[in-house]
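Chains as they are written, first to last, in the working numbering: chain A, 1 to 219; chain B, 1001 to 1219; chain C, 2001 to 2219; chain D, 3001 to 3219.
Calculated from the structure, these hints are not laboratory results. Not one of these hints is a red herring.
Label-pair distances were calculated between CB atoms; the ranges are: (1) B:1182 with C:2127: 46 to 56 Å; (2) B:1134 with C:2181: 28 to 38 Å; (3) B:1061 with C:2185: 37 to 47 Å; (4) D:3152 with C:2060: 49 to 59 Å.
Covered by chain C, per the in silico footprint, the following chain B stretches (three or more residues, Cβ under 8 Å): (5) 1021-1032; (6) 1079-1093.
All residues carry an ideal CB built from backbone N, CA and C; glycine is no exception.
Number of protein chains: 4
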Amino acid sequence: MPSLYNRVAGQSVERLAALSDGIFAVAMTLLVLDLRVPTREAVHSEHDLWHLLVAMAPRLVIFLMSVMTLGIFWVGQQTQLNHFARADRNLAWIHIAFLCAVCLVPFSTSLLAEFIQYRTALGVYWFNIVLLGLTLFWSWSYARRAHLLADGVPDEVHPAVVRRIVIAQALYACGAALCFFSTYYSIAAIVLVQINYAIAPRFCWGIFSRARIKANPSS
Amino acid sequence: MPSLYNRVAGQSVERLAALSDGIFAVAMTLLVLDLRVPTREAVHSEHDLWHLLVAMAPRLVIFLMSVMTLGIFWVGQQTQLNHFARADRNLAWIHIAFLCAVCLVPFSTSLLAEFIQYRTALGVYWFNIVLLGLTLFWSWSYARRAHLLADGVPDEVHPAVVRRIVIAQALYACGAALCFFSTYYSIAAIVLVQINYAIAPRFCWGIFSRARIKANPSS
Amino acid sequence: MPSLYNRVAGQSVERLAALSDGIFAVAMTLLVLDLRVPTREAVHSEHDLWHLLVAMAPRLVIFLMSVMTLGIFWVGQQTQLNHFARADRNLAWIHIAFLCAVCLVPFSTSLLAEFIQYRTALGVYWFNIVLLGLTLFWSWSYARRAHLLADGVPDEVHPAVVRRIVIAQALYACGAALCFFSTYYSIAAIVLVQINYAIAPRFCWGIFSRARIKANPSS
Amino acid sequence: MPSLYNRVAGQSVERLAALSDGIFAVAMTLLVLDLRVPTREAVHSEHDLWHLLVAMAPRLVIFLMSVMTLGIFWVGQQTQLNHFARADRNLAWIHIAFLCAVCLVPFSTSLLAEFIQYRTALGVYWFNIVLLGLTLFWSWSYARRAHLLADGVPDEVHPAVVRRIVIAQALYACGAALCFFSTYYSIAAIVLVQINYAIAPRFCWGIFSRARIKANPSS
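The following block holds chain A by itself, in its conformation from the complex (with noise of 0.2 Å):
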């Protein structure tokens, strides 16, 4: 039955896109929640209400560094959903896995907004980093030995995707162990590897852009 299955399993990878994109939308709004507006009775002048805003200048950090992170894996799943032929249930529950701990994303963002001294909390939050990392190389995996990657995906994807998310994980690591000195020098290093990634595209990405390169010279 090559047309029921067809249609059954490409049906699958589109739903499943709409799933992650419901969830990372409502996970990335749900962020903004921590960004708490100051309450009626601490405000007097608009002094007091200048002096609160800039006091929350480390929660707003916080509040980018999660987007930053919730966009990275809605690229990075993006990009693996775009080389799926098609799914079954397997790749669905991995993908709900994944799905899992873009959820907790919230949870982590706010036990380190509200406890952004505490190594237990910045370990909490490279945690579920590391949860993140895994399942997403776990549906990579899965899907190339299930052969449910698309017929034109050339060899060279499969090395790089296991490359990026290693040496991707190994950053974050090193940035988590500094919080050993300081929590602060672990969420700078998170955030510039996480700059790295939204903004330098160049760096260990490269079969990814080559063939947008050759199309676009100008990019």
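Take the given structure of chain A and dock chains B, C and D to it, following the hints.
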């Protein structure tokens, strides 16, 4: 007017899927709100924070259980929708009833997380699972009676879907009945049933997977 | 430039549908936040918890009423969008006004759940339904005037849509007027009107269902 | 590898649109949480409830203003995405920055609703609008430089988009500057600018509507 009819109804299945993905996404993300960040007043050291996080373990188990509940019914509904050629208003309303039960999952999860030792809370959670199963069963049997299934759906799919829902609900009912000994036994049993459906897809789901196994001998 | 125009506008109906599905999904899921889990302090036995849950029955009725309200207007909007060949900016803004009324449903539901015996709360809820009906009516009449309907839409659809909205709003207004006797009568009347539209689709919706009945003689 | 490239990138615009619709939907629905239901303790009669609701009028104005803000930028982003033939990672990240500014709208709306007479709150709200405008401008100019626009996009679209964003931001800046007299003047000015863009589409949006007017002489 078959062209008007087909276009309208075909569109409906898509939008039903989109609404469902949205509701599942929001419901899954709301579950994390039960994992409440400890208050700053209660924490004076890394040790305090660590202990408060360890004390959240039962809440985390219930969070994971509910993610699995939603995952199972998301996969189940997706499989049904993929077999429908078109929808009508009755089917839309059956699925709105199903989605209403999905919306209740964050409530019954919260209730169980707060009152984990109370049989009443466990009964509400179980009743929610029953509602999800009943509406999904209703959707399938209505779609079959109203000739909404796609043409290619083989005859053996129907008994497989029925068997699957009936056996799963029977297992959930047995698990819930264990609450007369202890609610912890019930939760463990429900989690085991869920892990069985999430990880071991070979059990009573044979009809659907057979086609896949044929196409992907390695999976 | 008909090709540019068609592509842009065609895309618009899809994204309007996607935004709508998202807003309906979030609004439906937020409704459950009114079902507040009892506090642990108030519960000392299974008996307490059971009584507190039974005392939530009116809130549950209002939750179900609002799910039906959103369901009815979701089906209504979906039916309209399915008949549109394309959208323009005015139509997009009319639907943003409609979606703004959808966003208000969790507020007016909360208000009614908290102040179930107050005519003011019931008036706000009814006004919300009126806003939903008005914007949906406006959408249809604008789309017809601006020639945005698909070519295949038969002439008898227009009076059917108008009749449907006018009769439904007249019934809601009668239901709301019953609040001068008791708000409970009003709620009962509104729920009955909604059940009529959700379950008995043969009433004044004939034009749409006739095509379906012809194609599916058994339904 | 043009086929791989096209499929991947084409998918990206779709998923960018899906993520955006999700975030706009959640952000719009979260706005309603600022309309807080009065507490039961404060209400002893219909009269009390009515007065408390009337006292919420400024919050309702700010709610409507933010729905319009989000509506304007949703229409703007949709129009841009409809003109893109494909996306790349840089464009995805520019849109994640845009969506991050969208996520901040519920925060700055809350802040303004709570501190409506404070220039600092109005400044934060205006800064949020500036961020939305800047990222949208950045998206368009990057897409143009990187040759991501669809082939059929006529040359006059570019200056129209630029003019539109520059004029709108200039009007918002003038409105915000009125806060040195009174924040109420600023809010009124911003609402008027928004109503102009929402209702009177003929102003500096001519290029886009011309094609529509040609096709639909009656609109």
